[in-house]
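**Q** Protein chains in written order, with the working numbering: chain L, 97 to 240; chain B, 514 to 766.
Since the hints were derived computationally from the structure, they do not count as laboratory data.
Just to be clear, a hint being listed does not mean it is correct.
[Unchecked claim] Simulated pairs of lysine-lysine, DSS-like, Cα-Cα distance not exceeding 27 Å:
1) L/K107 with B/K525
2) B/K764 with L/K117
3) B/K517 with L/K120
4) L/K124 with B/K756
5) L/K210 with L/K196
6) B/K525 with B/K756
7) B/K518 with L/K124
8) L/K108 with B/K756
9) L/K122 with B/K764
10) B/K756 with L/K120
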Amino acid sequence: MSKNAEEKNDKKFNDILSEVKKKKDKSKSTDKKAANSNDDGKIDGNVNVNGEDESSSDGNSGSDVKKSSVSKESDTSNSKDNEGAGFTINLSKKEKEPEKIKRTYYIYEEDDEKLNELARHSGKDKSELVRIAIGFLYDNAEVE
Amino acid sequence: MGFKKIAIINNKGGVGKSTTSVQLAHGLAKLNFKVLLIDLDGQNDSSLFLGFTENDYDNTFFDLMDSRYPAKLEDCIINARENLDLLPNDNIEQINAELHRSSRIDIIMDEILSGLESMDYDFVMFDCGPQRTKVNDAVLCYIDHIIMPVQVESASVRAVGNIYEYLDQLRLSNELITLIIPNMYDARTNESKENLEMLKNIFSDEPDILTEPINRRVKITEAGRAGKTVFEYDEEAADQFFKVLKRVVDKIV
Chain L
97 MSKNAEEKND KKFNDILSEV KKKKDKSKST DKKAANSNDD GKIDGNVNVN
147 GEDESSSDGN SGSDVKKSSV SKESDTSNSK DNEGAGFTIN LSKKEKEPEK
197 IKRTYYIYEE DDEKLNELAR HSGKDKSELV RIAIGFLYDN AEVE
Chain B
514 MGFKKIAIIN NKGGVGKSTT SVQLAHGLAK LNFKVLLIDL DGQNDSSLFL
564 GFTENDYDNT FFDLMDSRYP AKLEDCIINA RENLDLLPND NIEQINAELH
614 RSSRIDIIMD EILSGLESMD YDFVMFDCGP QRTKVNDAVL CYIDHIIMPV
664 QVESASVRAV GNIYEYLDQL RLSNELITLI IPNMYDARTN ESKENLEMLK
714 NIFSDEPDIL TEPINRRVKI TEAGRAGKTV FEYDEEAADQ FFKVLKRVVD
764 KIV
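Next comes chain L alone, as it looks inside the complex:
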């Protein structure tokens, strides 16, 4: 009895299987799109690191601001939340950057230390790092 039932039931899986296949195909095409725009979880940002950079006028800046007109890439590992995820943020200069404006915001000492450390580690100035962090949060997180 159960053998017969099993065969009949197996046929009924075909309907759902076609639904699953559609979903898998859709997921694959979405993944493909994501891979095209974002190489392996890397986020491309355009950073102006030439001599006209105004970011060093930020009162918080304690990092070594590299001034160079050469386009460059750096990887900044996100320290805690993404431990194990292993994603990196990839910066490359490709086109002219929009105009920067100066703003003053408050930051905890502990976070300032982290920012300094990241700046030292990556060779980027702190304004750049804040820009990357905002871009990342905006694109990837829901802030409540």
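Following the hints, complete the assembly by docking chain B onto the known chain L.
**A** Just chain B now, kept in the frame of chain L:
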């Protein structure tokens, strides 16, 4: 991590958690997904319903928790069906006692099951025991989705809100609750109909969460007793779970 993590949970006992776990796990396996079912219910019903007794395995979930000589995950997993593996359990009290000693219940399951990252499962499903326990706390902190079978009977329907309180206490989002399955529905009785209506009213603002009811069928119980899933045992009993399986595919796959 590529796999989806689902808990089949309800604080009430006897509502069909293990039956639901086994049928959905096997259903997904038959849809060519690789599934690991982790039996964390003290009665080991998932293992029994898949046809395994204590004599069929040496290592269990508890062996993964040995702080000095933890077993390898792959040594604790047994193959139950094509595409379906089982991680059995035989010592829920000791697991709970161990977890009471853990200071980080929110990440302990990640640590214990870290070996899964190198395996190719599509779904990891937990058959949870009833009541609020450390094991269930740890599972809830680990999973992405909750599927909750609710027996269509007044006490169970009234207690349906408990899971929301539980999640609140763990500071977890109630959006984890993905599907609620009215179970053991008996369309012949007015009481059952009224209770199903009550459930529909409770979830009237999010009807998407409620599945069609699973009708009470002797064949479902018989299949479990025979160590078979409904898909192997009976056509009409299987139909009861096909409709829920479709919803799982819609919402989770």
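**Q** Would you mind confirming whether the straight-line C-alpha gap from B/K525 to B/K756 stays at or under 27 Å?
**A** holds, 23 Å
**Q** Would the hint linking B/K756 and L/K120 be met if the CA-CA limit is 27 Å?
**A** Since the Cα atoms of B/K756 and L/K120 sit roughly 20 Å apart, the hinted pair holds (cutoff 27 Å).
**Q** Under the criterion that the straight-line Cα-Cα distance not exceed 27 Å, is the pair L/K122, B/K764 satisfied?
**A** holds, 14 Å
**Q** Please work out if L/K210 and L/K196 have their alpha carbons no farther apart than 27 Å.
**A** Roughly 23 Å between the alpha carbons, so the hint for L/K210 and L/K196 holds.
**Q** B/K517 and L/K120 were given as a pair; does the straight-line alpha-carbon distance stay at or below 27 Å?
**A** Distance of about 14 Å is within 27 Å: holds.
**Q** Against the 27 Å threshold, does the CA-CA distance of L/K124 and B/K756 hold or violate the hint?
**A** holds, 26 Å
**Q** Would you check the hint for B/K518 and L/K124, treating anything up to 27 Å between C-alpha atoms as holding?
**A** holds, 20 Å
**Q** Are the Cα positions of L/K107 and B/K525 separated by 27 Å at most?
**A** The given pair, whose Cα atoms are some 35 Å apart, is violated under the 27 Å limit.
**Q** Take a quick look at whether B/K764 and L/K117 sit within 27 Å of each other, Cα to Cα.
**A** holds, 15 Å
**Q** Is the hinted pair L/K108 and B/K756 satisfied, with a Cα-Cα distance of at most 27 Å?
**A** holds, 11 Å
In the structure shown, a violation is registered for the earlier hint numbered 1 alone.
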